[in-house]
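*Asks:* Line by line, the protein sequences give chains V and B. Start counting the first sequence at 1; every next residue gets the next number (the numbering used here). Start counting the second sequence at 1; every next residue gets the next number (the numbering used here).
Hints in this document: simulated from the structure, not taken from any laboratory. One thing to keep in mind: the hints can contain errors.
Unchecked claim - Derived list of chain V stretches under chain B, where covered just means 3 residues or more per stretch with a C-beta under 8 Å from a C-beta of chain B:
# : segment
1 : 12-21
2 : 116-130
3 : 143-155
Said to hold, decoys possible - List time: in silico SDA-like cross-link candidates among lysine to any residue, alpha-carbon distance up to 25 Å:
#  : chain 1 : residue 1 : chain 2 : residue 2
4  : V       : 116       : V       : 75
5  : V       : 116       : B       : 39
6  : V       : 116       : B       : 6
7  : B       : 262       : B       : 210
8  : B       : 23        : V       : 161
9  : V       : 116       : B       : 43
10 : B       : 23        : B       : 4
11 : B       : 262       : B       : 243
12 : V       : 116       : B       : 47
13 : V       : 116       : B       : 38
14 : B       : 262       : B       : 235
15 : B       : 23        : V       : 158
16 : V       : 116       : B       : 58
17 : V       : 116       : B       : 48
18 : B       : 23        : V       : 75
19 : V       : 116       : B       : 210
20 : V       : 116       : B       : 5
21 : B       : 23        : V       : 132
22 : B       : 23        : V       : 146
23 : B       : 23        : V       : 116
24 : V       : 116       : B       : 7
25 : B       : 262       : B       : 241
26 : V       : 116       : B       : 241
To be verified - From the structure, some residues in chain B lie toward chain V, with a derived Cβ separation under 8 Å:
#  : residue
27 : 15
28 : 41
29 : 46
30 : 61
31 : 272
Glycine is no exception: its CB is placed at the ideal position from the N, C-alpha and C atoms.
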Amino acid sequence: MVQREKAGDSTRLKLVSLLPRLRRFAGILAGDRAACDSLLRTACQAMLADSHRFQRGTPFDRWAFAELYAHWLEALRDHDDPIAQGRGDGTLFLAAFSGAAKSDGEIVATVGLLAKLPPQQRSAALLVYGEGFSYEDAALILDTTPQTVIERAARALSAHIGLTGPSEGAAGQGAPVASLYPNQRQAS
Amino acid sequence: MTELSDELLVAYVDGQLARDQSKAVERVLEQDEVAAQRVEAMRAAHTRLEAAFDAMLADELAAMTGIADDPVPERRQSAFGLLRRGGAIAFIGGAVCLLMAGAVGGYALRAIPDPSGLTPQARVPVVTGASTARDWQDDVIITHTLFGRDTFSVGLESQANIDLVRFHLGNLVGAEIQIPDLGTRGLTFKRAQVLERQGEVIVQIAYLPLKGEPVALYTRWDEGADTPIALSRSDGMAAAQWRQENLTTLLVGDMPDAAMEKLAGYAREQIAANNSLSSELETPLSAAEARATAVDPMPAEIAGETVPDTDQPATLAGDQ
Numbered sequence: 001m002v003q004r005e006k007a008g009d010s011t012r013l014k015l016v017s018l019l020p021r022l023r024r025f026a027g028i029l030a031g032d033r034a035a036c037d038s039l040l041r042t043a044c045q046a047m048l049a050d051s052h053r054f055q056r057g058t059p060f061d062r063w064a065f066a067e068l069y070a071h072w073l074e075a076l077r078d079h080d081d082p083i084a085q086g087r088g089d090g091t092l093f094l095a096a097f098s099g100a101a102k103s104d105g106e107i108v109a110t111v112g113l114l115a116k117l118p119p120q121q122r123s124a125a126l127l128v129y130g131e132g133f134s135y136e137d138a139a140l141i142l143d144t145t146p147q148t149v150i151e152r153a154a155r156a157l158s159a160h161i162g163l164t165g166p167s168e169g170a171a172g173q174g175a176p177v178a179s180l181y182p183n184q185r186q187a188s
Numbered sequence: 001m002t003e004l005s006d007e008l009l010v011a012y013v014d015g016q017l018a019r020d021q022s023k024a025v026e027r028v029l030e031q032d033e034v035a036a037q038r039v040e041a042m043r044a045a046h047t048r049l050e051a052a053f054d055a056m057l058a059d060e061l062a063a064m065t066g067i068a069d070d071p072v073p074e075r076r077q078s079a080f081g082l083l084r085r086g087g088a089i090a091f092i093g094g095a096v097c098l099l100m101a102g103a104v105g106g107y108a109l110r111a112i113p114d115p116s117g118l119t120p121q122a123r124v125p126v127v128t129g130a131s132t133a134r135d136w137q138d139d140v141i142i143t144h145t146l147f148g149r150d151t152f153s154v155g156l157e158s159q160a161n162i163d164l165v166r167f168h169l170g171n172l173v174g175a176e177i178q179i180p181d182l183g184t185r186g187l188t189f190k191r192a193q194v195l196e197r198q199g200e201v202i203v204q205i206a207y208l209p210l211k212g213e214p215v216a217l218y219t220r221w222d223e224g225a226d227t228p229i230a231l232s233r234s235d236g237m238a239a240a241q242w243r244q245e246n247l248t249t250l251l252v253g254d255m256p257d258a259a260m261e262k263l264a265g266y267a268r269e270q271i272a273a274n275n276s277l278s279s280e281l282e283t284p285l286s287a288a289e290a291r292a293t294a295v296d297p298m299p300a301e302i303a304g305e306t307v308p309d310t311d312q313p314a315t316l317a318g319d320q
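Chain B with its partners taken away, still in its complex shape (with noise of 0.2 Å):
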């Protein structure tokens, strides 16, 4: 019989194995009872250890903003539910993003936090009436900046279901939340979650060009009639702004404003036509998938003016 070793146990466990070598352990732990109890102990193991490192990330998050010191409101708890374990902390993250964001974007992004300042149990400064002197679309626009590809390069298994997330969605925003499928301007769907700002609830739908930084819709309730698309541009990003169906959007990236502006019509003309993502259409990128591709070896270079229409990825990238 084929001896496994540990280690290699471990690396099918950590799902880091090529997917023959995957299938070739998985055969012999057909036949092998000891190893395939050693894997199950192994998976429990592993389970246990993220819990930890996730407590422990928790931890610290609730150290240096203070989150954790307030109590949870029930929509929190319940957006932590729909994002448990990787989600749980992509949300935290994007809410202390806002909350530095927040603290910060006051200042023209002058007054950042010193990191080398950290003191023990210190707090990031958060500024509670810089961030009321501005709109959201401002601290949004700043919270964008602080995304880069490795934000979303960890794909989440919760949302696997795309249609969960986007029932969850609409039920704290209180609006059918579309996940339009820009797949045709060469933009993968990576991940849904809820930024809180000043108790209101803002969806970030994020999605990563072949190359280059996120790009990334953000939809808020606003009750009102419809609006046409109006471009902005703000800390080197570009903006596009429209109400439809009593939400508002704001989509961000790093692009030019005629590409946004394309853009910005092709989503809008996908969220009118209902044409939103769904379990069979996508799915998010594995972990292994996303790291593969994480890497940006180029400097964003500018995919040009204009976004092709056809079905080919298109890159995204700076200005000119």
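Chain V on its own, in the form it takes in the complex (with noise of 0.2 Å):
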């Protein structure tokens, strides 16, 4: 038999194979190391707590990014101004992610710019860019439409273009949640 079909390790498993891409996301997300960490701590505890929920023939990334976004959207909601938690400090995204600003000054540039974008607009762009998923696959993480993953993508995208070096990049404040509710909970 396959083992790790069968197991409850095999989510464990997968999960520790995932974690650098889902650290990653989380810290898209969350815009500085210390609540990524927090984040991915408790979509993991989760995760681990409700294998059972995955259904198989699922894409395992797609089911653990869509978790953990959704944690990131829950814990957004139980702060008391959840719309100003995505406006981080940009010093601090920079900080998060301070093994990739030691690359070249293009990669820090455009690392500053994502730290100023909506953290719904840096995971669209993430899940386009950076993880190479399909519109209906990110849009089905992030609970919308493909449409909207598309237009967040796009808004990403003209935020980067012209950009020209470093200094352009450099971190500042961070731009507030877009939304609490993705579209397709929205009321008409």
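From the two separate chains plus the hints, produce the assembled complex.
*Replies:* Encoded structure:
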């Protein structure tokens, strides 16, 4: 028999192999390292506890990314001032990805610009450009529509057009959370 | 003149439009210089974002494994050159998987690092002594269990030239590497990459069936006389090992032993006959195509003990 499919360790093993990607996603959402690791820990605990909810046939990474995003959104909703939470400190965001920021100036500038984007735009850009998900899969992860993913990716891409040097990407104040409720849940 | 929205241009740049839509956009771009410049700018931004996200991931891997703390050996650098961009991540991922397998394999998968215990700058514990107690075949099989369809669902442009990939792999291993054509067994070549175990190069040549989990050949330099195929089973995986022209190959997959034996025999024949894939014969699927086929809606059912000898794709899957 296939042990990894029937044992509880299956989810744990797959999560371990996904950890670097999940941690990058958590950092993109949370905006600073402490919040990132807190979010990742909470989400991983929940995924391990609720591994039975994973349906075979669903790409595991898509499920795990969606769970992580759901936990981030849930934590935001519990906050006193959720909309402002995305307006993180750009310096902390850069610090969270300090290793990447040690790269060449263009990458530093790009990371600096990412820090200024709302978390939803950052996450759409990551899922499409960093993870290679289709718009449809990214929409399933973000619990929204593919059209919204395209719009967010377009805004993120537009923000990086014309980027010429590190100085333009200097980290500053981030952008607020665009919305607490995905399009599919909004009242018409 | 037709005006193209940013969203449409982004979808075009991202390669997520249907072919006829892409052609329609290209026709407009031929006539609209402003839109064409916008597309070029978007492509440049796209490239910068990908590079930044790759750097972020490499940063995460370094934080969790400490790989970046070690000086990069020259051989690994050349592998990075070969598998740059998506390939680099695949390479690092493979290395991480092997390290993690080394870390946990010695305890029969019981001591897997707990993701929920992650702390800032936490490192996946690598028990260096554990992997030395086992042979490379065990490590490879444990590593193989970490690969799923999604691992190989993203096509790598850098691997479009299979001849070039074989050339570089051959340089790393020190012998000509064959990428056997297993298409008649329903297996599509997806990726060849280098793994390292205790400084030793192991080449992974991965294939995907239409349904089910990946199948891969793991090859390493091993001077000696040719040996017959020997079957084994570990961690739910069937494995077949043989030595051929100073290369020991381990074929690993989730399938019945009989199917593994037939597949190994066929692969060995293909290698002996020098029937390797080349750039003219096969190209890895594009990312979009691979994503479209990445979902396996059915549990891995047995395809049967027999593997068809026809050109029809087969399904290689679990045990009976």
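*Asks:* Next, verify each hint and record whether it holds.
*Replies:* Structure-based check of all given hints:
1. 12-21: holds (count 9)
2. 116-130: holds (count 5)
3. 143-155: holds (count 5)
4. V:116 / V:75: 21 Å, holds
5. V:116 / B:39: OK: residue 116 (chain V) and residue 39 (chain B) at ~23 Å, within 25 Å.
6. V:116 / B:6: 20 Å, holds
7. B:262 / B:210: The given pair, whose Cα atoms are some 18 Å apart, holds under the 25 Å limit.
8. B:23 / V:161: At roughly 24 Å apart (the allowed maximum being 25 Å), residue 161 (chain V) and residue 23 (chain B) satisfy the hint.
9. V:116 / B:43: Holds, at about 21 Å.
10. B:23 / B:4: 13 Å, holds
11. B:262 / B:243: 16 Å, holds
12. V:116 / B:47: Holds, at roughly 19 Å.
13. V:116 / B:38: 22 Å, holds
14. B:262 / B:235: 20 Å, holds
15. B:23 / V:158: 23 Å, holds
16. V:116 / B:58: With Cα atoms ~22 Å apart, residue 116 (chain V) and residue 58 (chain B) stay inside 25 Å; holds.
17. V:116 / B:48: This hinted pair holds, its Cα atoms lying about 16 Å apart.
18. B:23 / V:75: The given pair, whose Cα atoms are some 44 Å apart, is violated under the 25 Å limit.
19. V:116 / B:210: 43 Å, violated
20. V:116 / B:5: It holds: about 24 Å lies between the C-alpha atoms, which stays within 25 Å.
21. B:23 / V:132: Holds - the C-alpha atoms of residue 132 (chain V) and residue 23 (chain B) are around 22 Å apart, at most 25 Å.
22. B:23 / V:146: Holds: residue 23 (chain B) and residue 146 (chain V) sit about 21 Å apart, inside 25 Å.
23. B:23 / V:116: Violated, at roughly 35 Å.
24. V:116 / B:7: Since the Cα atoms of residue 116 (chain V) and residue 7 (chain B) sit roughly 21 Å apart, the hinted pair holds (cutoff 25 Å).
25. B:262 / B:241: Distance ~13 Å between residue 262 (chain B) and residue 241 (chain B) Cα, so the pair holds.
26. V:116 / B:241: 53 Å, violated
27. 15: Check failed: Cβ of residue 15 (chain B) comes no nearer than 10 Å to chain V, outside 8 Å.
28. 41: Since the shortest Cβ distance to chain V is 4 Å, the answer is holds.
29. 46: Holds, because the Cβ-Cβ distance from residue 46 (chain B) to chain V comes to roughly 6 Å (cut-off 8 Å).
30. 61: 5 Å, holds
31. 272: 31 Å, violated
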